[in-house]
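Residue numbers (the working numbering), protein chains in the order written: chain R, 1 to 563; chain L, 1001 to 1321; chain D, 2001 to 2256.
Please keep in mind that the hints were generated in silico from the structure rather than gathered at the bench.
Treat the hints with care, since some could be wrong.
Claimed, not checked - Listed below are the simulated BS3-like cross-link pairs for lysine-lysine, each with C-alpha atoms no more than 25 Å apart in a straight line:
#  : chain 1 : residue 1 : chain 2 : residue 2
1  : L       : 1311      : L       : 1254
2  : D       : 2253      : D       : 2047
3  : L       : 1259      : L       : 1129
4  : D       : 2235      : D       : 2253
5  : L       : 1225      : L       : 1287
6  : D       : 2253      : L       : 1129
7  : L       : 1254      : R       : 484
8  : D       : 2235      : L       : 1287
9  : D       : 2187      : D       : 2063
10 : R       : 247       : R       : 311
11 : D       : 2063      : R       : 484
12 : D       : 2195      : L       : 1311
13 : D       : 2063      : D       : 2154
14 : D       : 2047      : D       : 2194
15 : D       : 2193      : L       : 1311
16 : L       : 1056      : L       : 1043
17 : R       : 244       : R       : 311
18 : L       : 1254      : L       : 1225
19 : L       : 1184      : D       : 2154
20 : D       : 2193      : D       : 2047
21 : L       : 1225      : L       : 1259
22 : D       : 2047      : D       : 2235
23 : L       : 1051      : D       : 2253
24 : D       : 2253      : L       : 1259
25 : L       : 1051      : L       : 1016
26 : D       : 2195      : L       : 1254
27 : L       : 1259      : D       : 2235
28 : D       : 2195      : D       : 2063
29 : L       : 1016      : L       : 1043
30 : L       : 1259      : L       : 1311
31 : L       : 1259      : L       : 1016
32 : L       : 1016      : L       : 1129
33 : L       : 1016      : D       : 2253
34 : L       : 1225      : D       : 2253
35 : R       : 244       : R       : 484
36 : L       : 1225      : L       : 1016
37 : L       : 1129      : L       : 1225
38 : D       : 2063      : D       : 2193
Bear in mind that the values here come from a model prediction, so they are computed numbers and not experimental data.
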Amino acid sequence: MSRPSNFPPPFSTADYVAEPTDPADERIEVGVLIVGAGPAGLACAIRLGQLLEEHPDVAERLGDVPVAVLEKGKQPGSHLLSGAVVDPRALRRLFGNRLRMEDLPSFGLVPGESVYVLTRRAALPIPPPPPMRNHGNWIFSLSQLGRFLAERAEEGGAMILPETAAQRLLVSHGRVVGVRTGDKGRGREGGELGNFEAGSDLVAKVTVLAEGTQGHLTGVALDRFGLRGDDPQVWELGVKEVWKVAKPLDRVIHTMGWPLRPGKRYREFGGSFIYPMGEDMVTIGLVVGLDYRDASLSVHDLLQELKTHPKIRRILAGGERLQWGAKTIPSGGFHALPRRLHAPGLLLCGDGAGMVNIPRLKGVHYAIESGRLAAEAAFRALQRGETPASALSSYDDAVRDSFIWRDLHEVRNMRQVFGHGFFVGGALASAMTASKGRVELGKLPAEPDADQPLLVTDRDASYPAPDGQLTFDKLSSVFASGNKTRDDQPNHIRIERRVPREVAELWAHMCPAQVYEVGAEEGDGTVMVDVAPSNCVQCGAITAKGGRLTPPEGGSGPEYTLT
Amino acid sequence: MATLVFLEHHGNELQKGSLGVLAKAASLGDGDVGAVIAGEGVKALAAEAGKFGAAKVWICEDAEVAQPLPQPRVDVLAQLVEEGGYDTVLFANSVLAADVAAGLAARLEAGLNWDLVDVELRDGEPVGKRPALQDSVYADVGWSGSPRLALFRAGSFDATPAGGGAPEIADVSTSYAEYSTAVKLVAQDAEESSGPSIEDADVIVAGGRGLGSPDNFTLAEELAKALGGAVGATRAVVDAGWYPYSAQIGQTGKTVTPKLYVALGISGAIQHKVGMQSSGTIVAINKDANAPIFEFSDLGVVGDVHEIVPKLTELIRQRRG
Amino acid sequence: MRIAVCVKNVPEGPSRIDPSTKRLDRSGEGALNHFDANAVEEALRLKGDSDTEVVAVSLGPQKALDSLRKALAMGADRAVLVSDDGAAGSDLVATSRLLAAALEREEADLVLFGQQASDADGAVLWAAVAERLGRPVVSQAMELGVDGGSVRVKRQTEFGYDTLEAPLPAVVAVSDAINEPRYPSLKGIMGAKKKPQDVLSLADLGVDAGEAGEAGSRTTVLALGDPPTRGDARKIEDDGNAAQAIVDFLAEKRLV
């Protein structure tokens, strides 16, 4: 059977690394350039603001714009999506006594929690396994938190530049010197429209990549500087909705089991989450590992199916869907972390670097902590006036000394064991947790998601037909993400267009935004893949499963506000 | 209520939209309704206004109103409101009328509710109906103080003769502010008859993927020609290169509100729906009985566009002679 | 020459009406009304490389500064925001009064508006403002040129194209067919913060509280409701006679 990795996309890292090309006096100079206005990037900007306030002499040396944050979405928060139940430790460290948790736009402390194993009709409660205990954690909309952090970063002096995509990594004499931003106003065929605006070279003393999952330049940098870790990175795809509900939900819920299949040959690892957002809203999402093998698996449709479960139907009864979104989560854990988190002139943070604890389903606090540590390392280097060729190595040391490293090491094999199926995997995982990671399984094999051989079932026959009230089709869901991407622009998705039918089916089902459709048959067993790039919500699933996502024109994509 | 209706004309005809507003005003039955017509040689149109319910028609044939410009008309109406004691002035939306209504509102410090689709009397007070948020919500709107100005959406009311008799005709003349007469019409070009643009068309025939191939867009074009309308397209077919982006209707294309929208082979995804949902009448032809478009069309036809549309086009041609 | 452009900050994303105030919920993020971007673009084209000053003027809450900054990023020289709690809920009468007061201070040769506001869908503001300023007004401009002391406009009406001339100072509303607004360059965005941005209160304008906001308005929103249903929807299957059935349907509705 086919593997998607046999049909690699037309993509070359070298196309995205270049020397600056703008004349020197047209390049835009900033002190520290941060790519991505998510929790990692904004924590970095906030911490830098604090440090530069305490050390105005250093601030002066950084010029007119000491800290700039690029964001490819319409505004900070537009591309942020998570659960989210957040461990407050990193936020507390970031803000110190300047702000308390109560000052942040949360939905309060986790009021209680339950874990269920679902079957088609029943929900069997099990005691929350240790990694899933959320006492003392806070419920947030990451999109809202992002907007809040952006305001704090601006107050601290950072300049946030939304609707700006970072297209190329600028490297000179082996050192990262900044990024080139994307063009705007190109037509579908690449030609310049009437309002064409070329991108610019943005140069900086230190560049921090905080692009989140499937970070475009992060991927480029990992290859260019040979930073990839022991294991290939793998991902999960999460699709979620935010609902207005009639009855408040009084606890955080996680589920396992149905509608995912437990057999080893399917490799369906994941589960769902249902979190209260105040008195009148709830968020529900389904997360599935992209190492699944069934070409007819559609996470979006499994989420719709999940909502038909009697227990979940009751939670949503009388409610109304407000928003929808999708995003991948890196799940390779400890062994997939980059071998180094820095290169000359460069620091890597957050989800882009794979800092996610899958068993706890948490990554926001690691992102924030890594951003904070990156700020401190960058500041140290700038303060000493060092050419940051190796000056940024203190960042790696700081991360290794932090709870990020400790936590990820503790759960290092958790994800891989689930390749053995839910029951065996679950038992092994419990053993690991109980022993705090001291059960030594050696290093378990890990394969890229796109290497998984495909099988085809009639899974899609059981997906519910959308009724527009409880269940929804993909196109109306894309609408509910706020996506209004300009159509007449170049296609930002790189895939092999002519593939065996099952690979095309895989992509068509996989993509929650209906970007791919099985097109005309070519007569030799292959089909064309039709692409509708303006549907794309930039979740990143295609990169995991055989293609490559690159950033479209700045401002494109979803406009999340509650996710 | 003492109601005055602003009537527009073009050439020798009173515009149907404003006649519809006049008919509606008369039907409210609250006092005599006056009408005003301004322009060169408009006296001949006064009798027509009577047929649609005007008890009194004011005629202004001053040189200053010979050109179809708004500001001199503000002067005329302001005078009429004062002299004629009108407390309500109604307009049917047009490029000209909107500017007159707004200018008059500022001149008289009078409340103007616009984009109304209806008005009714409640306890002797007029209440307007105003769609908002892409027609997803309807607001009841009112006025405080006097006079009350209302601008109705084009085509809100049918121009049905109210069976009125000959109206009283009076001349009105006024002095004009300097700035009112500062704009000069230098040239006029009538619309080329290459068919209406999508934004202005009363009829739009739109094609989607159900047409099957780019060649089949001729089906839409022929039907549009027969109906005197414009051709539109969905994002999917524009993406596929079947039709230019300028014809794209939908969330990321144009929003249109024609009187008649004929959707051929269009599924009706929400991205398309938000661009045409306010159309007066929606007729959809699609092979798929479960296509979402049938949920918001007035007439849904489950069938093959390739069979139905040519016949339909021929019947329309015959009918229109 | 000085050109003033009136811009509006409108809510982004799905709009909601706040049921308690019956006004548009403006609490979400805002954006420059995209029709006003046409007006800003036209002002910048007229400016070209000359020392004509382009001033962006707006009325709204503090966060309307975001839209003004976008105008500055595109190339406008200065921004003026009229912001006062007492101005909330202003209708056309009150809004035009406030804007006119702000524009009087500017003494602009040309005042530009965009085609409509995407939130209130009103295409009326410029005529009211022009009346208060005592200036000639031309709307629906699809081509615009300034020559000596007058402005020449080509506009589209229901009947065709008119060419008009008016002496400056004048008010012109541009249609969205006039141009394609430029994307602000990165340099433009970064330089916008440094350009002058004034925030004026009612007192600064010399406008009394009773003349603004709800107190200064002459229209009211009484209630909100659902739109009328589309009426009887009919669905038929083609049995060979669908074409005739459609014609009959259209005839019944007097559409053919």
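Checking against the hints above, which ones are violated?
1, 2, 12, 13, 15, 22, 26, 37
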